[in-house]
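Residue numbers (the working numbering), protein chains in the order written: chain A, 2 to 170; chain B, 131 to 272; chain C, 174 to 667; chain D, 22 to 152.
Any given hint could be a false lead.
Unchecked claim - These stretches of chain C come out as covered by chain B in the derived footprint (C-beta under 8 Å, 3 or more residues):
#1 191-198
#2 490-504
Claimed, not checked - Computed, partial: chain A to chain B, Cβ under 10 Å:
#3 Gly62
#4 Met86
#5 Asp104
#6 Pro108
#7 Val111
#8 Ser137
#9 Glu146
#10 Gly154
#11 Arg162
Quick caveat, the hints were computed from the structure, so don't treat them as lab data.
In this text, a Cβ means the ideal position worked out from N, Cα and C, and glycines have one as well.
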Amino acid sequence: MSMMAVSVLVIIRSRNLFGVIVLSGIYSFLMATVLVAMDAVDVAMTEAAVGAGISTVLLLGALYLCKSEEAHPPKKPFLPLLVSMSVGGMLVYGTLGLPEFSDPQAPIHVHVVPRYLNEMKQEVDVPNVVTAVLASYRGFDTLGETTVVFTAGAGVVALLRRRRKGRKP
Amino acid sequence: MKNDLILRVIAKLLIPFILLFALYVQFHGDFGPGGGFQAGVILAAAVIFYALIYGLADARKVVPEPLVESMMAIGVLIYAGVGVAGLLLGGNYLDYFVLDPNPVRGQHRGIFWVEVGVATTVSGVMLKIFYMFADRGKVDEE
Amino acid sequence: MNLAPHLPALQVVVPLIAAPLTVLLRQRSVAFAVALVASWLALAISLLLWWQVANTGIISYAIGSWPAPWGIEYRIDRLNSFILVLVAGIAALVLPFSRASIESEVAAQQHYLFYTMFVLCLAGLLGIAITGDAFNIFVFLEVSSLSAYVLIALGRDRRALFAAYQYLLMGSIGATFLVIGIGLLYLMTGTLNLADMGQRLASVQGTRPVLAALAFITVGVSLKLALFPLHQWLPNAYTFAPSAVSAFLAATATKVAVYVLLRFYFTVFGESAVFARLPMQQMMLLLALAGMFAASTIAIFQTDLKRLFAYSSVAQIGYIILGLSFNSVSGLTASIVHLFNHGVTKGAIFMLLGCVALGVGGTSLTRVQGLGKRMPLASFGMVIGGLSLMGVPGTAGFISKWYLLLAALEQGQWWLVFMIALSSLLAAVYVWRFVEAAYLREPHQNTTNVAPTPWLMSVPTAILVLAIVYFGLDTSFTMGTASEAAAALIGGSR
Amino acid sequence: MTGATTSMTLGSHFTYFITIFLMVAGLFIVISRPNLIKKLIGLGIFQTSVYLLYIAPAKLIGGTAPILSNAFTVYSNPLPHVLILTAIVVGVATLALGLALVVRIREAYDTIEEDDILARDSNAEDNGNAT
């Protein structure tokens, strides 16, 4: 995890966009590894496919169409730093009150979820609980998610389709 | 890259396996990690791989663009259609219990079709986006 | 088969299914027909739902037949049935309008995708308003936002692209803040259902994660609703978007965001928690006032009418938040009524601007000189809309401002009454800028030809302008629903 | 809070601190960098960091991935996994759309630096008023 922090630091410093994109791919792989360690195999698999795969391809594709160097040295980072630090501070304040790591009595482990783990066998009978929750219990979220993907696809078509006669000014 | 024999042969050998893997991820999602979304991504990746080795024009012949655009829409329709089927059979929206006399089998059936819908849309969208970006590239080259 | 119990699901699913259909059919007239049918059905469903809720109380609908905390629940009470009517109603009017309007503003090849995006945006907004599940709000927020970015980027001007990009960044940051807030709440309560969350939150009220969640949700939603210091994306987005899009988004998108804020404050956190633990009341009051004055002042100096009225939107949101900050039934009622009335007013104004843009080729103040003679009806409509923004009796805007004043008096805050009156004066100044150009200036010689307005544009616009007057005279629908909704929010939340 | 519990809390919240660091870094990139592509990368990091905020608390030490089998009895919490799957998909959708916009911006303005774009717009406006 500390490696992730390092790669992000380099991303901030570097101005070569190609390097930044490769690094963000590596970052995604590291993230996927952490996720496996956290037992989130489905999420890890998706993150590896999306973060390291699709995102990198898309970014490189877009980069190919644009310039690969950041032009200006960034200026006056004090205000942005202040804003993002205060967000971080708020979050530190918030997370310090959260239940301990891996506390089995934490609310998320005692409410709602037990039904997924204990009764799913009778109700849905699919060994992978993530699939069961994703497609059945919270199926409407996934319908929304599919719609989001569709929106993005149709949106990209709307934006990038070549115009036969002259482009927009 | 188009004329590199070794690459072409390797690609020919690899792509069927990638497709097979996509199907495995799709249908094994009930038992292990995976599901419609991941399968869709892998499926699209296989075609993108093909396009990189054999060129965009060849890929377009194998997977034509109107098909891709329809796939985006059909996937959502399949998913939403499963929901409507639940309605027609007397349940609530997206109710899989009523899809089969045996409620648990109904759940299986519902999840299966829903995952098919997700995979269709995802692979369609990913491919379409790839085609779109690739097309723009040509404009700049000209 | 009886469809009546399934109306909540159909409310969202009908436009959602229409979207892929428009892509499949591709023909733009067919796509238009599909979108039109979907949006009118959505309006019919929303009216039926409103009627059902008025008669039988809260409707709860379990999607997939999974009971509430496990599955996703649709929960409709007075408040969101009201929002649904607003969103679906505006969409049903803007959609026919858009057909002729985008003719000159969007490349013909993209028209069917315009309708796709429009119904997706509609489905997203309805989905946010209707759902009783915290994470579902986020998913549908993204559906509506992504389609909104595309709709804005379809504008002719190249600045539309950059406006859409900025909106995308701000919107995504806002949505991520919302996810962080929801995540913290989930970690403390173990549930995602809003009502369930509200109940279980009682035992952990005032702990640090909950306070942090409150802060994150407030900031995230404020980005979306363009509360004063976080409004930078809005003026550009509304200015460069196609007119139909400006009309739709101005009337609905920010209003739905306000609804999300109300829902979290009153159903989840409970008003006592929101206003007692942090100096929220003072903060919101301050921001609302700052928004009202700063944005109105900026509006006065604009030279383009679309941008002028975009800033006026930021100012009007100040009024809504002002009512919210009173934390009283009457203040909340005023907020909810203003949310509706301002939606109607702004929708009408941006639609009129669409007609004007088509008629004289632009909306800059120099272009509209002499508009009173060249497009008398449209100018008259603009005047009515402007009067409503100022809050002149006989228009919808008067009703909400009147109740806002009453609510301020109830708090014994005389200086606020003075402030509201003063900011109305600012509104009068920027509306006067239009009146002066339209009625007191002679038109430019080289722009004498006025393109006729197609009836598909003029009829929906006229309906909405008449609605401004109607809701200014007959308040039984708006006030009735809003006061009950406000009472339920404050009284029934704990 | 006594010293001992504080240090324990700090230890057990280590994941959160890394998460927060990533989040701050991502947000900082979005706000401070003028390059449009880099902004999107920053946005990606910002969104990704949220995944950890959800997933980390779901882990139970001694538990396994939530795939039911007779060999295990303790599983990690599957619900956050589901939510984050959705969030990842939303993230990539946003990225794709953002990049499409960047490509169009680059064609329209011939630059992808925020400052240049703003400068060109204000120039165009001045010229427009002059003529």
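Next item on the list: Under 10 Å, Cβ to Cβ, is where serine 137 of chain A needs to be relative to chain B, so tell me if that hint holds or is violated.
Entry: holds, 6 Å
Checklist line | Minimum beta-carbon distance criterion (10 Å), arginine 162 of chain A to chain B | finding: holds, 7 Å
Note to self: Take the shortest C-beta to C-beta distance between glutamate 146 of chain A and chain B; is it under 10 Å?
What the structure shows: Holds, about 8 Å.
Margin query: Please check whether valine 111 of chain A passes as an interface residue: C-beta within 10 Å of a C-beta belonging to chain B.
Written below: Check failed: Cβ of valine 111 of chain A comes no nearer than 25 Å to chain B, outside 10 Å.
Margin query: Checking hints one by one. Is glycine 154 of chain A an interface residue toward chain B, by the C-beta closer than 10 Å rule?
Written below: For glycine 154 of chain A, the interface hint holds, since the closest Cβ of chain B sits about 3 Å away, which is under 10 Å.
Next item on the list: Let me know if the C-beta of methionine 86 of chain A comes in closer than 10 Å to any C-beta of chain B, holds or violated.
Entry: Hint on methionine 86 of chain A: violated, closest Cβ of chain B at ~35 Å, above 10 Å.
Check: At a Cβ distance under 8 Å, does chain B reach at least three residues of the stretch 191-198 of chain C?
Finding: holds (count 5)
Notebook entry, point to check: Does the CB of proline 108 of chain A sit less than 10 Å away from some CB of chain B?
Noted result: violated, 26 Å
Note to self: Quick check on the hint: glycine 62 of chain A CB to chain B CB, less than 10 Å?
What the structure shows: Hint on glycine 62 of chain A: holds, closest Cβ of chain B at ~4 Å, below 10 Å.
Next item on the list: Mind checking the CB of aspartate 104 of chain A against every CB in chain B and telling me if the closest is under 10 Å?
Entry: Aspartate 104 of chain A check fails; min Cβ-Cβ to chain B is 26 Å, beyond 10 Å.
Item checked: Residues of the stretch 490-504 of chain C with Cβ under 8 Å from chain B, three needed, outcome -> That given contact is violated, which follows from only 0 residues of the stretch 490-504 of chain C lying within Cβ reach (below 8 Å) of chain B.
Violated hints, in rising order: 2, 4, 5, 6, 7; the structure is consistent with all others.
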